[in-house]
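Each chain is listed here by its residues.
There are 2 protein chains.
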Amino acid sequence: MVTMRDVAERANVSIATVSFVLNGTKRVAPETRARIEAAIEELDYKRNVVARALASSHTRILALLHPCREAWPNATGNRFVMSAANGARERGYDFVLWPLNDDEQMSHLLAGGLVDGVLLMEVQLRDPRVDRLIASGLPFALIGRTEDEELPYVDMDFATTIDQAVEHLRSFGHRRMALVTLRMKDPAGNEPGWITRVKSAYLDAMAALGEPATVITVEGSSAGGREAARLLSEDFPEATAVILVNERASAGLIKGSRALGRTVPDDLSVISAATSAELGEMIEPSLTVMAAPAGQLGRLGVNALIDQLEGAQDAPPHVLIPCTLVPGQSVGPAPIRQ
Amino acid sequence: MVTMRDVAERANVSIATVSFVLNGTKRVAPETRARIEAAIEELDYKRNVVARALASSHTRILALLHPCREAWPNATGNRFVMSAANGARERGYDFVLWPLNDDEQMSHLLAGGLVDGVLLMEVQLRDPRVDRLIASGLPFALIGRTEDEELPYVDMDFATTIDQAVEHLRSFGHRRMALVTLRMKDPAGNEPGWITRVKSAYLDAMAALGEPATVITVEGSSAGGREAARLLSEDFPEATAVILVNERASAGLIKGSRALGRTVPDDLSVISAATSAELGEMIEPSLTVMAAPAGQLGRLGVNALIDQLEGAQDAPPHVLIPCTLVPGQSVGPAPIRQ
Numbered sequence: 001m002v003t004m005r006d007v008a009e010r011a012n013v014s015i016a017t018v019s020f021v022l023n024g025t026k027r028v029a030p031e032t033r034a035r036i037e038a039a040i041e042e043l044d045y046k047r048n049v050v051a052r053a054l055a056s057s058h059t060r061i062l063a064l065l066h067p068c069r070e071a072w073p074n075a076t077g078n079r080f081v082m083s084a085a086n087g088a089r090e091r092g093y094d095f096v097l098w099p100l101n102d103d104e105q106m107s108h109l110l111a112g113g114l115v116d117g118v119l120l121m122e123v124q125l126r127d128p129r130v131d132r133l134i135a136s137g138l139p140f141a142l143i144g145r146t147e148d149e150e151l152p153y154v155d156m157d158f159a160t161t162i163d164q165a166v167e168h169l170r171s172f173g174h175r176r177m178a179l180v181t182l183r184m185k186d187p188a189g190n191e192p193g194w195i196t197r198v199k200s201a202y203l204d205a206m207a208a209l210g211e212p213a214t215v216i217t218v219e220g221s222s223a224g225g226r227e228a229a230r231l232l233s234e235d236f237p238e239a240t241a242v243i244l245v246n247e248r249a250s251a252g253l254i255k256g257s258r259a260l261g262r263t264v265p266d267d268l269s270v271i272s273a274a275t276s277a278e279l280g281e282m283i284e285p286s287l288t289v290m291a292a293p294a295g296q297l298g299r300l301g302v303n304a305l306i307d308q309l310e311g312a313q314d315a316p317p318h319v320l321i322p323c324t325l326v327p328g329q330s331v332g333p334a335p336i337r338q
Numbered sequence: 001m002v003t004m005r006d007v008a009e010r011a012n013v014s015i016a017t018v019s020f021v022l023n024g025t026k027r028v029a030p031e032t033r034a035r036i037e038a039a040i041e042e043l044d045y046k047r048n049v050v051a052r053a054l055a056s057s058h059t060r061i062l063a064l065l066h067p068c069r070e071a072w073p074n075a076t077g078n079r080f081v082m083s084a085a086n087g088a089r090e091r092g093y094d095f096v097l098w099p100l101n102d103d104e105q106m107s108h109l110l111a112g113g114l115v116d117g118v119l120l121m122e123v124q125l126r127d128p129r130v131d132r133l134i135a136s137g138l139p140f141a142l143i144g145r146t147e148d149e150e151l152p153y154v155d156m157d158f159a160t161t162i163d164q165a166v167e168h169l170r171s172f173g174h175r176r177m178a179l180v181t182l183r184m185k186d187p188a189g190n191e192p193g194w195i196t197r198v199k200s201a202y203l204d205a206m207a208a209l210g211e212p213a214t215v216i217t218v219e220g221s222s223a224g225g226r227e228a229a230r231l232l233s234e235d236f237p238e239a240t241a242v243i244l245v246n247e248r249a250s251a252g253l254i255k256g257s258r259a260l261g262r263t264v265p266d267d268l269s270v271i272s273a274a275t276s277a278e279l280g281e282m283i284e285p286s287l288t289v290m291a292a293p294a295g296q297l298g299r300l301g302v303n304a305l306i307d308q309l310e311g312a313q314d315a316p317p318h319v320l321i322p323c324t325l326v327p328g329q330s331v332g333p334a335p336i337r338q
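Protein chains in written order, with the UniProt record's numbering: chain A, 1 to 338; chain B, 1 to 338.
Careful: at least some of the hints might be erroneous.
It does not matter which identical chain is meant; a pair holds if it fits inside one copy or across any two.
Listed below are the simulated SDA-like cross-link pairs for lysine to any residue, each with C-alpha atoms no more than 25 Å apart in a straight line [to be verified]:
1. Lys199 <-> Ala29
2. Lys199 <-> Pro237
3. Lys185 <-> Thr76
4. Lys199 <-> Glu41
5. Lys199 <-> Gln164
6. Lys185 <-> Gly295
7. Lys185 <-> Arg89
8. Lys199 <-> Arg129
9. Lys185 <-> Glu278
10. Lys199 <-> Leu182
11. Lys185 <-> Glu90
12. Lys185 <-> Ile15
13. Lys185 <-> Ser200
14. Lys185 <-> Ala259
15. Lys185 <-> Ala277
16. Lys199 <-> Leu151
17. Lys185 <-> Val123
18. Lys185 <-> Ser171
19. Lys185 <-> Glu238
20. Lys199 <-> Pro30
21. Lys185 <-> Arg129
Calculated directly from the structure, the hints in this document are not laboratory data.
Required output: the full structure, derived from the provided sequences and hints.
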């Protein structure tokens, strides 16, 4: 087997210099680098990640932890993942998705010595995974926030997003607006932080408007969307608009409203937040969406992690990016209600 | 650091027996296993995957290779992935998704010694990745087929699926049926095998019916679906039904047809194959779908790989499973055309 020593001899450099080039750990003069790369090519030298990991205690592999549900990721979640993967690749890291169901699998990952760092999504307010990561000493970055906002994060700016959605609906004359979001099976406090933050931004906005607030939570599915339409007509029939933060329920909400005799947008305006224009286009009528900054956040998250690994971080990031309004055909003038 | 030897001494067994329990490589009496697990607990022994890999030359990690596109996976592809991940976990393997863009990344994976085996999806008829895997000697399994059907595979039974779709449409009186499928940027021959197999099953079915055939290929998006509606009305206006095998174009096809004055199913029946009932429900009207056996195939694929790794394989699998018809509201009686 060709070794790093063979490469060093052929290129007439030290083994350390070969290692600098292979692991990107130190700058090497372009001409020297070219000579080493030529030697690697000529000798058909293959790096063995396992051997290298033992030698350097680095694998240059990053893992994105995600729950192993058949329904994950949705279209928007997937955009986070792929932009993070591409960002890692550009900086010379391998990037794997690590489906994670339970605590045992987490132990396995942390004890494994396999990855240099971890990216966490769908962060809960009180997230036991974050506690485990802190205790383990393995570098990590969050896309999302816990209650403890001292920890570095990149996240959607839910407060600004909800404010802009409310503002858009107000510009069409709406005042009575309901929020439809995701119902979690987890006990309260263990829900993803975004659910809590969306709800409180909505409640604040309604309070500022002096209007009553109604929060409806349903499962993320067509059936959930139809349930939301029913609950809406029973509990808050005077609402003329809905802010929806539950991507998978969007089609069901429109269809369910229609089945109850309320067409969108004539009788009910709908704005779907934290989703994608692509999904909005699939629905009839095309949804007005607040498109998630998924590509930006995926990249920022992975860059924060790599900066931390490479000691290149000036200060840990605390970055919030709002969604972007993409008008469709699901928002219209508020109807006059008697 | 606590070693495997420490665990063996505390449990009063051989190192080999500890290894059998840790790696699941051999049955160990329950009482002995319990003693070893207690020792692991007491000593807080952590397995190090990298060290273990060097000792055993096995990592018990499997990788699913997939193209690193922002649009991947779709809902159906995701179901494949998650069922494979769950299947791997049940047999004691870690399972990672390895986004793969180019040949260099493939080299890195193959040279790395990091994974015990690889699962490949979106297999092309002539797939350079399969050639690389064969040359590398790394065990792999295919979900999909190359031209060379001698290689083990599990795959959708496209011929039976298309025949059943045609049969369903015929039972509603349709005879003129178009096929709408996916346009690939890859040069011909390098396209995913399913595209070729779907097309040839459709052409055979139309020949058997003595009816003309029209194949329309568009990109997988709402815009692609609208383009299909336009091409259909221009090139094959006498068609009363469409067999669609392009999940992401489904909403655009329905909306585009409506914009051209053809409502589904009154003027045009649509059956969407190799997708999910969940996606069908999102569309208005709800699509009649042939639901992909994604969960079954994901599990069969990962089991075939693990059987191969463990020498438990009687014969390499050649398994085909057709889609299942889930009636919606997008298929109706054939209109009488003048």
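How the hints compare with the structure:
1. For the identical chains of this complex, Lys199 and Ala29 are neighbours neither inside a copy (55 Å) nor across copies (53 Å), given an alpha-carbon limit of 25 Å.
2. Proximity of Lys199 to Pro237 under the C-alpha cut-off of 25 Å is restricted to the intra-copy arrangement: shortest distance 20 Å within a copy versus 50 Å between copies.
3. With identical chains, the CA atoms of Lys185 and Thr76 are at most 25 Å apart both within one copy (21 Å) and between copies (24 Å).
4. Taking CA atoms no more than 25 Å apart as the test, Lys199 paired with Glu41 passes in neither setting, with 57 Å inside one copy and 42 Å between copies.
5. Only within a single protomer do Lys199 and Gln164 lie at most 25 Å apart by alpha-carbon distance; the minimum there is 14 Å, versus 47 Å between protomers.
6. Proximity of Lys185 and Gly295 under a CA criterion of 25 Å is satisfied inter-copy only: 23 Å between copies versus 28 Å inside one chain copy.
7. Taking the shortest alpha-carbon separations for Lys185 and Arg89, only the inter-copy value of 23 Å comes in at or below 25 Å, while the best intra-copy value is 35 Å.
8. In this assembly of identical chains, Lys199 and Arg129 lie within 25 Å of each other by CA distance solely inside one copy; the values are 24 Å within and 47 Å between copies.
9. For the identical chains of this complex, Lys185 and Glu278 are inter-copy neighbours only, at 20 Å across copies versus 28 Å inside a copy, given an alpha-carbon limit of 25 Å.
10. With identical chains, the CA atoms of Lys199 and Leu182 are at most 25 Å apart within one copy only, with a shortest distance of 10 Å there and 41 Å across copies.
11. For a Cα distance limit of 25 Å, the shortest separation of Lys185 from Glu90 across copies, 23 Å, qualifies, whereas the shortest one inside one copy, 38 Å, does not.
12. In this assembly of identical chains, the alpha carbons of Lys185 and Ile15 never lie at most 25 Å apart, being 54 Å within a copy and 43 Å across copies at closest.
13. For a Cα distance limit of 25 Å, the shortest separation of Lys185 from Ser200 inside one copy, 20 Å, qualifies, whereas the shortest one across copies, 46 Å, does not.
14. For the identical chains of this complex, Lys185 and Ala259 are neighbours neither inside a copy (28 Å) nor across copies (41 Å), given an alpha-carbon limit of 25 Å.
15. In this assembly of identical chains, the alpha carbons of Lys185 and Ala277 lie at most 25 Å apart only when taken from different copies (23 Å versus 28 Å within one copy).
16. Within a single copy, Lys199 and Leu151 get their C-alpha atoms as close as 22 Å, which meets the 25 Å cut-off; across copies the closest is 53 Å, which misses it.
17. In the homo-oligomer, the alpha carbons of Lys185 and Val123 lie at most 25 Å apart inside one protomer (15 Å), although the nearest pairing across protomers, at 37 Å, exceeds that limit.
18. Taking the shortest alpha-carbon separations for Lys185 and Ser171, neither the intra-copy value of 36 Å nor the inter-copy value of 43 Å comes in at or below 25 Å.
19. When the C-alpha separation of Lys185 and Glu238 is checked against a cutoff of 25 Å, the pair qualifies neither within a copy, at 29 Å, nor between copies, at 50 Å.
20. In this assembly of identical chains, Lys199 and Pro30 lie within 25 Å of each other by CA distance neither inside one copy nor across copies; the values are 54 Å within and 50 Å between.
21. Taking identical chains as interchangeable, the C-alpha atoms of Lys185 and Arg129 lie at most 25 Å apart only when both belong to the same chain, with a minimum of 18 Å there against 41 Å between chains.
The structure is inconsistent with the numbered hints 1, 4, 12, 14, 18, 19, 20, although it conforms to all the rest.
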